[in-house]
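A.B. asks: Residues per chain are reported as follows:
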Amino acid sequence: MTSTTIIQHILTGISLGGAYALIAIGYTLVYGILLLINFAHSDIFMMAGYFMVFAMAVMPWPIAIPLVIAVTIFLGVVIEKAAYKPLRAAPRMSIMISSIGVSYLLQNLATYLFSALPKGYPTISPLKRVFQIGSVSASLVTFLTPVLTLILVFILMYLINHTKLGMAMRAVSKDYDTAKLMGIKINQIISVTFVIGSAMAAIGSILYFTDRMSVTPFSGTLPGLKCFVAAVLGGIGSVPGAVLGGFIIGISETFLTAMGYSTYSDAFTFLLLILILIFRPTGLIGETVTDKV
Amino acid sequence: MSLLEIENLSVHYGGIEALKNISFTVNAGEIVTLIGANGAGKSTTLKSISGLVSASGGTIKHNGEIISGLDTQQIVERGIVLVPEGRKVFSNLSVLENLKIGAYLRHDHAGVAADIERMYDLFPRLKERHWQMAGTLSGGEQQMLAVGRALMAKPQILMMDEPSLGLAPLIVRDIFSIIRKINEQGTTVLLIEQNANAALKVADRGYVLVTGEVMMSGAGHDLLTDKSVQDAYLGTSAH
Ligand SMILES: Nc1ncnc2c1ncn2[C@@H]1O[C@H](COP(=O)(O)OP(=O)(O)O)[C@@H](O)[C@H]1O
Ligand SMILES: [Mg+2]
Chain A
1 MTSTTIIQHI LTGISLGGAY ALIAIGYTLV YGILLLINFA HSDIFMMAGY FMVFAMAVMP
61 WPIAIPLVIA VTIFLGVVIE KAAYKPLRAA PRMSIMISSI GVSYLLQNLA TYLFSALPKG
121 YPTISPLKRV FQIGSVSASL VTFLTPVLTL ILVFILMYLI NHTKLGMAMR AVSKDYDTAK
181 LMGIKINQII SVTFVIGSAM AAIGSILYFT DRMSVTPFSG TLPGLKCFVA AVLGGIGSVP
241 GAVLGGFIIG ISETFLTAMG YSTYSDAFTF LLLILILIFR PTGLIGETVT DKV
Chain B
1 MSLLEIENLS VHYGGIEALK NISFTVNAGE IVTLIGANGA GKSTTLKSIS GLVSASGGTI
61 KHNGEIISGL DTQQIVERGI VLVPEGRKVF SNLSVLENLK IGAYLRHDHA GVAADIERMY
121 DLFPRLKERH WQMAGTLSGG EQQMLAVGRA LMAKPQILMM DEPSLGLAPL IVRDIFSIIR
181 KINEQGTTVL LIEQNANAAL KVADRGYVLV TGEVMMSGAG HDLLTDKSVQ DAYLGTSAH
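Sequence lines, in order, name chains A and B. Residue numbers are given in this note's numbering: position 115 of the first sequence equals residue 115, and the series is strictly consecutive. Residue numbers are given in this note's numbering: position 234 of the second sequence equals residue 234, and the series is strictly consecutive.
What the hints contain is simulated information worked out from the structure, not anything from laboratory work. C-beta: ideal position from N, C-alpha, C; glycine also. Among the clues, some could well be false.
[Unchecked claim] The list that follows gives simulated cross-link-like pairs (lysine-lysine, BS3-like), each with its CA atoms no further than 27 angstroms apart:
| hint | chain 1 | residue 1 | chain 2 | residue 2 |
| --- | --- | --- | --- | --- |
| 1 | B | K20 | B | K227 |
| 2 | B | K201 | B | K181 |
| 3 | A | K164 | B | K227 |
| 4 | B | K61 | B | K20 |
| 5 | A | K185 | B | K154 |
| 6 | B | K61 | A | K185 |
| 7 | B | K154 | B | K181 |
| 8 | A | K164 | B | K127 |
| 9 | B | K127 | B | K61 |
[What the hints assert, rightly or not] FRET-style restraints, in silico, Cβ to Cβ:
| hint | chain 1 | residue 1 | chain 2 | residue 2 | range |
| --- | --- | --- | --- | --- | --- |
| 10 | B | H221 | A | Y158 | 38 to 48 angstroms |
| 11 | B | G29 | A | A90 | 56 to 66 angstroms |
| 12 | B | S228 | A | G101 | 52 to 62 angstroms |
| 13 | A | P86 | B | E7 | 31 to 41 angstroms |
| 14 | B | R118 | A | A89 | 32 to 42 angstroms |
| 15 | B | E85 | A | P118 | 29 to 39 angstroms |
| 16 | B | E65 | A | F218 | 40 to 50 angstroms |
| 17 | B | T225 | A | A89 | 39 to 49 angstroms |
| 18 | A | T282 | B | D71 | 33 to 43 angstroms |
| 19 | A | I133 | B | G111 | 49 to 59 angstroms |
[Unchecked claim] Pulled from the structure, derived: some chain B residues nowhere near chain A, Cβ distances all over 12 angstroms:
| hint | residue |
| --- | --- |
| 20 | G51 |
| 21 | T72 |
| 22 | R125 |
| 23 | R149 |
| 24 | I178 |
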């Protein structure tokens, strides 16, 4: 590999990693509040892909993007209210199974409504514009993804650590009953969590699919699993952890593919998961598990 | 009309009847204590007033209005605030944030800031440690923080679930003198204790709870000198 191609691959890897990071944030936030691995998150991401396909068919991208984000948020919040909220007092396993059910429901719904044939993902032309820096060339989306990811993460960290809402989110993640005794409406805070997670998934979806050609009802599954691994790798429950995990997986996947091992790139992701679960179950920068009684 | 009236309250956990038709009242300005052995139903009583567990029978009235069935958040809005058993400070929030979150429903920023200073005057240890994560405080400091956090809500009725549990005798003395001080400043207190001796000394009135039923009630001083209460709850420590 020449230094130019290495830089090229690093760029691609960082960009893919940025999209993964945005999706991984949804897993980590919901886990932090509900102790739930939200299996439906990957399919919310997939549905956001379809929303974009249909929105762009009838409107220009500057209107389509905010609309797609809004509709995806709506979907995420409705799923929470319909499938998870009624199980608030049930054992954790029940709500996990419910999320697996929702995941299949969305995939089947998409197959039924849109067929299993790939739908071409629309081109957002400014994102596709190619830039040349020295001998390295890449489209705008490649440069934009990591920058946008870092800006969004910065805003999110500020929200969590320095606002009243964020303080309530941290309190709810610790102890529902005591949070209620402060006058906090638990359900409102949980909804906010799903709003943020779904918005990030919608933005991640636009960045991810713009680099790909098409969407199918199963497009969410593999990236979703990888982003879940990213969240665990960084330390589930931790936002910076999810971002770090997303970048590590995006970059390593890109390099394995570039070196001709693309067949093994998915296997590598899951090998990482196994290794981290064995040697550092709290993740790279996750807090040591505190007593949650 | 009493500030708080509990009438024939029953609570079930599945098949277990934790409270059997208990009735008691709390008048404005009083310190009332509920004493009883472990498992008597003391915490259940406070949790049902706060709306954390739902009653299977009976009513709870605040200012003559029925409040049983309201959400916990609505109970807090009415000025009925609980310091839960085991302190339950948010270990992942700083000391300052724990105080701020106690004022979650308040919107008077200046008033909240002034009250934080008031808490620091009341509990100087908290001021020194305001930036520390609450989980790193000692048990006594956490109890001070839990009380301070509850006071930040400006409660009309402060309910405390075994504030002396697991604390060193010196700290227990501090806690009880603070309870008296809070009461003198106009807050009505409903106090639950296994440490019957200390509780009856500060209380205007007390109720003795035995396996989910009120067995006896009276002025704090009368219960303190009652032979059967002494035998059952005060051991030799009263003599
Ligand atoms: N969440 C619960 N589920 C089932 N039983 C409970 C629960 N909480 C308390 N109990 C039972 O209810 C009774 C009263 O408990 P509690 O109110 O905690 O007593 P106290 O605070 O006086 O020690 C006990 O027998 C206890 O085992
Ligand atoms: Mg108790």
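A.B. asks: Next, verify each hint and record whether it holds.
C.D. replies: Hint by hint, here is what the structure shows:
1. K20/B x K227/B: Holds - the C-alpha atoms of K227/B and K20/B are around 25 angstroms apart, at most 27 angstroms.
2. K201/B x K181/B: 14 angstroms, holds
3. K164/A x K227/B: Violated. K164/A to K227/B sits at ~52 angstroms, over the 27 angstroms cutoff.
4. K61/B x K20/B: Judged against 27 angstroms, a Cα distance of about 18 angstroms means the pair holds.
5. K185/A x K154/B: 19 angstroms, holds
6. K61/B x K185/A: 23 angstroms, holds
7. K154/B x K181/B: 15 angstroms, holds
8. K164/A x K127/B: 21 angstroms, holds
9. K127/B x K61/B: 37 angstroms, violated
10. H221/B x Y158/A: 38 to 48 angstroms: Hint violated: Cβ distance 55 angstroms, outside 38 to 48 angstroms.
11. G29/B x A90/A: 56 to 66 angstroms: Since G29/B and A90/A have Cβ atoms about 43 angstroms apart, the given range 56 to 66 angstroms is violated.
12. S228/B x G101/A: 52 to 62 angstroms: Holds: the Cβ-Cβ distance is about 58 angstroms, inside 52 to 62 angstroms.
13. P86/A x E7/B: 31 to 41 angstroms: 32 angstroms, holds
14. R118/B x A89/A: 32 to 42 angstroms: 38 angstroms, holds
15. E85/B x P118/A: 29 to 39 angstroms: 58 angstroms, violated
16. E65/B x F218/A: 40 to 50 angstroms: 56 angstroms, violated
17. T225/B x A89/A: 39 to 49 angstroms: Holds, since T225/B and A89/A (Cβ atoms, about 45 angstroms apart) stay within the stated range.
18. T282/A x D71/B: 33 to 43 angstroms: 35 angstroms, holds
19. I133/A x G111/B: 49 to 59 angstroms: Given range 49 to 59 angstroms: holds, Cβ gap about 55 angstroms.
20. G51: 8 angstroms, violated
21. T72: 4 angstroms, violated
22. R125: 21 angstroms, holds
23. R149: Violated, because the least Cβ-Cβ distance between R149/B and chain A comes to about 8 angstroms, which does not exceed 12 angstroms.
24. I178: 19 angstroms, holds
Of the numbered hints given earlier, the model fails hints 3, 9, 10, 11, 15, 16, 20, 21 and 23; all others are met.
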